[in-house]
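Visitor: Single-letter residue listing:
Protein chains: 2
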Amino acid sequence: MLKIDAVDFYYLSMPEVTTDADGSQVALLVSVTAGTHRGWGECEASPLTSIAAFVSPMSHGACRPVADSVLGQRIDEIADIDRVAALVERQSMDLLQAVHTWSGIEIALWDLLGKIRGEPVWRLLGYQRAGKKLPYASKLFGHDADDTFRRVTRASSDGFRAVKVGWGPIGQGRVEADQEQFMAAREALGPDGQLMVDVGQVWREDVSSAQLRVPGLEAAKVTWLEEPFLANAFDAYGALAQRSSRVRLAGGEGAHNALLAESLIEFGRVGFIQIDCGRIGGIGPAKRVADYAAQRSVTYVNHTFTSHLALSASLQPYAGLVDHRICEYPVAPRALARDITTNHLDIDRSGELSLPDSPGLGIEINESALQQYRVDVEILVNGRRLFKSPG
Amino acid sequence: MLKIDAVDFYYLSMPEVTTDADGSQVALLVSVTAGTHRGWGECEASPLTSIAAFVSPMSHGACRPVADSVLGQRIDEIADIDRVAALVERQSMDLLQAVHTWSGIEIALWDLLGKIRGEPVWRLLGYQRAGKKLPYASKLFGHDADDTFRRVTRASSDGFRAVKVGWGPIGQGRVEADQEQFMAAREALGPDGQLMVDVGQVWREDVSSAQLRVPGLEAAKVTWLEEPFLANAFDAYGALAQRSSRVRLAGGEGAHNALLAESLIEFGRVGFIQIDCGRIGGIGPAKRVADYAAQRSVTYVNHTFTSHLALSASLQPYAGLVDHRICEYPVAPRALARDITTNHLDIDRSGELSLPDSPGLGIEINESALQQYRVDVEILVNGRRLFKSPG
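Sequence lines, in order, name chains A and B. 168 is the number that numbering that gives the first Met the number 0 gives to position 169 of the first sequence; each next residue is one higher, with no gaps. 178 is the number that numbering that gives the first Met the number 0 gives to position 179 of the second sequence; each next residue is one higher, with no gaps.
Extracted from the complex, chain A is given alone in its bound form (with noise of 0.2 Å):
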């Protein structure tokens, strides 16, 4: 019998973090030891925050530290992963960060368990094969067209077929001036490109002014639109796709569990669900959600913006999905997130990506990355260390 042993948190940062909407300037890494055997996990957000969650003195016996329904638990099966999920949600139900902290746990049992039975996560999960995803470029708005213009020129000559544009000036000035931003785009694209635009919550619950945007958004023929307003806003949601049957909506990344996702596909209507591993609970609640997704149509999506650790983790629950082709794949990452492992899952000539086959996520930890980018971190409670990193 296997039970964890340890759980161990690599809180790593680039020197300089600045306000970009690009999350790979900072990772948490978590390590989780049984017996001989060590799995890999990354939990997305705030660093610092996950690891109070861990560590936090219990303030009752539903708000209980994370550690106190993971530390000694055993672990022999995938089902031990679903019983201390459960166990985290009920004995951690008011302290609302412990499903982030727990992902990159959950994430690292997964990797622990495939390495020990010599198998892919995926087939884990009871894929039989893993299909060749589509990555798409992400890229952010220009100032005006003609920045866009030349942002997406460079991703569609850097070879990808695929690309997201996102947040910028769009939704805050003129319709017409976003109109022209994703005609841009589109022309920069080709017209048998796949565009998408991710517009960041700028609307939050106003159905009118994101229904402006539509007819541009249709006129430049954009796959999907994505986060119109706030992650939980399931009525605006479901209101803009009644009303705009040839752009379909995109979100779900601020998902924290599988039912806030469903309630995104039920209610939302959305079109395309975008699930980040290292927030909605890990590996298992996302592949609920991907079964949840292909029953109703709805196209699955990783949502993924760190390491090729979390990168592999997400594709793991739609790995067999492969009428589900899409996926996001951070093209110009800080230095940390690519030295944080040695292999990499790297674009092939054809322009796709595929899975390891190798057991567990398939991918090595740096461990020099480790000491690099090393953020030290001391938490004190009346004089009692809770908490130092490692090394």
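Careful: at least some of the hints might be erroneous.
Which copy is meant is left open, because identical chains are indistinguishable; a pair holds if it fits in one copy or across any two.
[Unchecked claim] Simulated crosslink set (SDA-like; lysine to any residue; CA at most 20 Å straight-line):
| # | residue 1 | residue 2 |
| --- | --- | --- |
| 1 | K220 | A240 |
| 2 | K387 | E377 |
| 3 | K2 | N381 |
| 4 | K114 | A219 |
| 5 | K2 | G34 |
Since the hints were derived computationally from the structure, they do not count as laboratory data.
Following the hints, complete the assembly by docking chain B onto the known chain A.
Guide: Relative to the frame of chain A, chain B by itself:
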């Protein structure tokens, strides 16, 4: 022009914290200073994690610490609270715990503005008067029906006309045993008292198991069945609501924004929506939910299990909704929760509760309790001290 000069966090704890489902064992008070003015608020749940979300180094532009959106902000008008709330939402989009931290700050800002204007918060919210509320006593189910009978008899003889019984063995054993429990509570309370049952998410998403208990709940004339399912299981709530017309469902304490509470009403069809101001983002979003509920004949109820500062805050959003009578009241909190404030919202001889007419939240902090129950937290990142408990 006033601006937010300082935000201070006071982590307080009983000497011993147990696994009881009793949220009064620990508190996180927040004081906001603007010029010579000071307001107080309280965050629900894990103090260390919520402090970390305030000071955590930025991960990227949409994952900034709460402090970055709050400190130095102008605070002259109620509209300033909304403006800062939107800023936190945007700049901490990927920091899940941020809203718990912000909740306490937001409450403190209402207290501060009320004190500056010499008005109680409920008047700032637009209410002409604050109606009396009928507090219910919260009790845990006993290990069997006889035990439960004794517990509810005690609450009844203490003068409570409404009693909520919760958790314990319900949902985990025989349906008949649960039925005996419900009937024992009803017998102890008498035919006229209001009886509520809280099962603490025990059935997760399992509608059938919940449905088996509905006849027993109906026979015991239970006003509401609280949290049969996970906080975001809107579908399961909706399905059960359809099959239990005489017992209405209650939930919402886990909502960390107004949209989630509204989804529980719209899709989950609850008859009672229970909001914790210390989690949902403070008094503003709670008021929005109260308005939404009132328009849909859903009854708003506070969720409160800590101090009388939190209690006052949680009653403000529905102070003027006179038909929404019932309120949660921490009947037997740990000493800490009572000692935090010098004045209290006590139950009058008719068994009712009135909100203070004094400025802000109308509750004074007991500074000596801040010392007595003080938990000392120190957070260091790369040798730099990001947080140290005051005092």
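Visitor: Which hint numbers doesn't this structure obey?
Guide: 3 and 4
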